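Residue numbers (the working numbering), protein chains in the order written: chain A, 1 to 355; chain B, 1 to 350; chain C, 1 to 283.
I should point out that these hints are in silico values taken from the structure, not numbers from a laboratory.
Please read all numbers here as calculations on a predicted model, not as lab measurements.
Quick reminder that beta carbons are idealized off the backbone N, C-alpha and C, glycines included.
You can take every hint at face value.
Straight-line alpha carbon distances no greater than 25 Å define the calculated SDA-like cross-link-like pairs of lysine to any residue that follow:
{"id": "1", "chain 1": "C", "residue 1": "K87", "chain 2": "A", "residue 2": "T233"}
{"id": "2", "chain 1": "C", "residue 1": "K87", "chain 2": "A", "residue 2": "A236"}
{"id": "3", "chain 1": "C", "residue 1": "K87", "chain 2": "A", "residue 2": "R235"}
{"id": "4", "chain 1": "C", "residue 1": "K87", "chain 2": "C", "residue 2": "E179"}
{"id": "5", "chain 1": "C", "residue 1": "K87", "chain 2": "C", "residue 2": "E132"}
Below, a sample of chain B positions facing chain A; criterion: calculated Cβ distance under 7 Å:
{"id": "6", "residue": "G178"}
{"id": "7", "residue": "R196"}
{"id": "8", "residue": "Q199"}
{"id": "9", "residue": "V339"}
These stretches of chain C come out as covered by chain A in the derived footprint (C-beta under 8 Å, 3 or more residues):
{"id": "10", "stretch": "63-71"}
{"id": "11", "stretch": "114-120"}
{"id": "12", "stretch": "125-134"}
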Amino acid sequence: MTAYASTRLAARSRTGAPTVRRVRRHARTRSTTVCLGLVVALVVVAGAGLTLGDYPLPLGQLVATLAGHGSTASSFIVLDLRLPRVLTGLLVGVCFGLSGTMFQNLLRNPLASPDIIGISYGASAGGVLAILLLGWTGMAVSGAALSGALVSAGLIYALAWRGGLSGYRFVLVGVGVSALMLAVVEYLMTRADVYEASAALVWLTGSLNGSSTTQLHPLAVACLVLVPLTLLTGRALLVLQLGDDVAASVGLRVEVARLAAIALAVLLAAVATAAAGPVGFVAFVAGPVARRLTRGSGPSLVPAALVGALVVVLSDVLGQHLLPVELPVGVVTAAVGAPYLLFLLVRSNRAGVGG
Amino acid sequence: MVLTTTPTAARRAPEQASLRGRITPVLLLAAGAVVLLSLASLAIGARSVPLSTVLQALTQYDPSDTDQLVVITSRLPRTVLGLLVGAALGLAGCAMQGVTRNPLADPGILGVNGGASLAIVLGISVFGVTTTAGYVWFAFAGAAVASVLVYSVAALGREGATPVKLALAGAALTAFFGAFTTALLLGDRQTFDQFRFWQVGSLNGRDLGVTASVLPSLLVGGLLALVLGRGLNTLALGDDVARGLGARVGLIRAGTAVAVVLLCGSATAAAGPVGFVGLTIPHVARALVGTDYRRLLPTSMLLGPILLLAADVVGRVIARPAEVQVAIVTALLGAPVFVVLVRRHRLAGL
Amino acid sequence: MSGRSSVERRDEGTSHRLETQGLVLSYGDLPVVDDLSVTIPDGRITVIVGANGCGKSTLLRGMARLVNPVRGAVLLDGRSVHHTPSKEVARVLGLLPQAPVAPEGITVTDLVGRGRYPHQGWFRTWGTADDEAVAQALAATGTTDLADRRIEDMSGGQRQRVWIAMALAQETDLLLLDEPTTYLDLAHQIDVLDLLTDLNRQRGTTVVVVMHDLNLACRYADHMIAMAAGAVAAQGRPSDVVTAELVQQVFGLESMVVADPVSGTPTVVPIGRHHCAEPASRH
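Excised from the complex, chain A in its bound form (with noise of 0.2 Å):
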């Protein structure tokens, strides 16, 4: 039986290495397509941004510009004034992009997104709190919004932290500090007078308009360092989706990996809100439309990180110049997002797949 058994076996496997790497080469495929298609539209959106404007610009001349052969009054436009805008809203996309889907897939739980389990308004204290009772403007907010944000989510882990962490626990946990930290900021509001509270306002939305070349350094700074480290846990998450126990078994150190995760998912959030204030809904909806996308399973970490960028400068762009009023960039990923996942919520729904 050996001989006859061996001999099957490897006959078999001469079959099935070929079936296994087509498979897996169309999954990479549609992944790779989905992403360059994102690309794309982030291209062009990125250009209607530098080209649309009370200065509207042709785009020969914009391209020209870019290069560095534009006149001075084109050049100031693109490169100070416009160009920070776009990047700063790419990155912040991205970050927020990429820490919505970490934070979705480790906690296994798609309510899971730094905006609802307090890790945005814990930012969102801290800069109202810079605001309405220290005084502070620009980068200080920022900073005051980064130690906020990282604040609330080492008290919602130290809290949540029990022989082990959690995922219903840790959402849990963020949603009663969340409450608490609006609750706070709600008061601050009523006790300032109206043009602080409008400035606080302001800021409380998700807003680009304080980008800056200044501003967007740091940011561009702390991307290159976190983004890489993001992607590097890859592999790790799509382990750890398949519970702890079979985590552990395949060899991956599971409270040290879930450790790093979550804590680069949290800067991620803090240094996004740092830079834009919290914007909404970029989080909560870039991991599911990234999943929805490329049809996969795992946490789709580029492909959210890309859809995340892309929802941001569109609705900026769309905040901007195709409304009748500006409006920040927070309130139309709010009124943007939300309708699309409804959306996506009924089309899942009747094909009786939702939940």
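Assemble the complex: chain A is given as a structure, and chains B and C must be docked to it using the hints.
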């Protein structure tokens, strides 16, 4: 000897048995606490009124006595509203967690706050409404519309309105309405100036007229919620088992949703968005009387006012002579309690 | 490590790669596994049986380093499993836990491929060896035809075979399975157990299975460990060990032990309160 139970299961059994006997003393104690807090609410404030005067005001009202005047015209409506709102939120929270089988469920998950806020902002900016009594109708309409939308979206598909679908639909709609609300507020400073005060739930400045306008819907919602106890118990076993036992799952869900909308919508319309009561009270109730909804619902109904009135009294005291709104205090009190509950793993079994 | 053909089966498994020494495992304050010392014979199929709550699943998970011991040690190739880097252990020992959950929308190839984790590094992510391993795992479990199907569209039996394929893709010498047949119908149970036997006979994989079904355990086990209250009640060949007295001690069940007409291994025939034939036919 066959070992058929694990050690932890054996430990849990006696605990459940002792809880079953506790319902009457719990309800009596809770009712007593409600009465005490109501009296406290009538007595405590920017000016302290002695208890004897309070009792006199309630029995032999003399309008010429300033203290009695304050008690009857200012604090009594406030206390009555606090009782009703507390009861409504406690009930709504309990029902919501039962129908969604989700300890995360707060009645606000149905988008009630988002819808109410948008409607009020529209009321202020478009229709020029300025009084709390005026807000009530807008808020209620907004809450109702939002909840209906959320429930309809979540209920599409084979499984009906499951916890995840409800939560997602609620979050989506809240964000959507929030975007429009913010857009309107950013453009209109005057509206913002009015709205930012309504946004923080408070019992201040609401006369009995406000209470009267939401009373019918509160009563209907409350009665509906209380009779759903048996249905929610069955639903807690899972949809399939529930159907197998003959329960009309869709009807129970719809009925609960209507009750929650009525209760939560009225409470938000009258007092503004008050958080945490609906979220934490059911957990406290569960720790006291177990998981039977026929007990949980009345217990939540009595515990809610305790939290709300206590929060209101505290709010009057900690920043004398100014006031901290009741929603802030419920958040400050409720959040740590909720976190403690989550940590102590008292969330097993809905 | 791939495709070892038949392995010489020594009559008595004298060497052992996996053993526990004075192992104490507990959840909270109560010890679930109490001062247990067992050795798992190499190249054999070992089945652990016992009543609910006797600690068999906990023992398995402890041996796979998923649970930290209160006292005692689990030794793999002479080294403590808790002091060896997890990936290194994972290249030698694999565990399929009870009722694993697959993420939504995952395909067979994707899931089986994730079992290759211990053989991959930061920068070497996927190569031909991995394709081969996955293909062999699919072939060994007869799931090659299902390669691009989604897990959630499959029957329980197919799903379990795919999970076993994932464990196989890890290419370990030892394979531990926690109740792999509990939720399957009888045909699929036999299917899975025959598959595990093929793996053992053809590749020499040491298989340790926790099972509920005592009769199937008797048929398929080379070595049986019967547990009660966190300790070993008996261990050895089923034909040596399984007696009516043991069944009474471990399961609290009155029974008759006869020879299985198909395989000759012990079969436990329960004696309940009903359906007993004339006392004369019982011996």
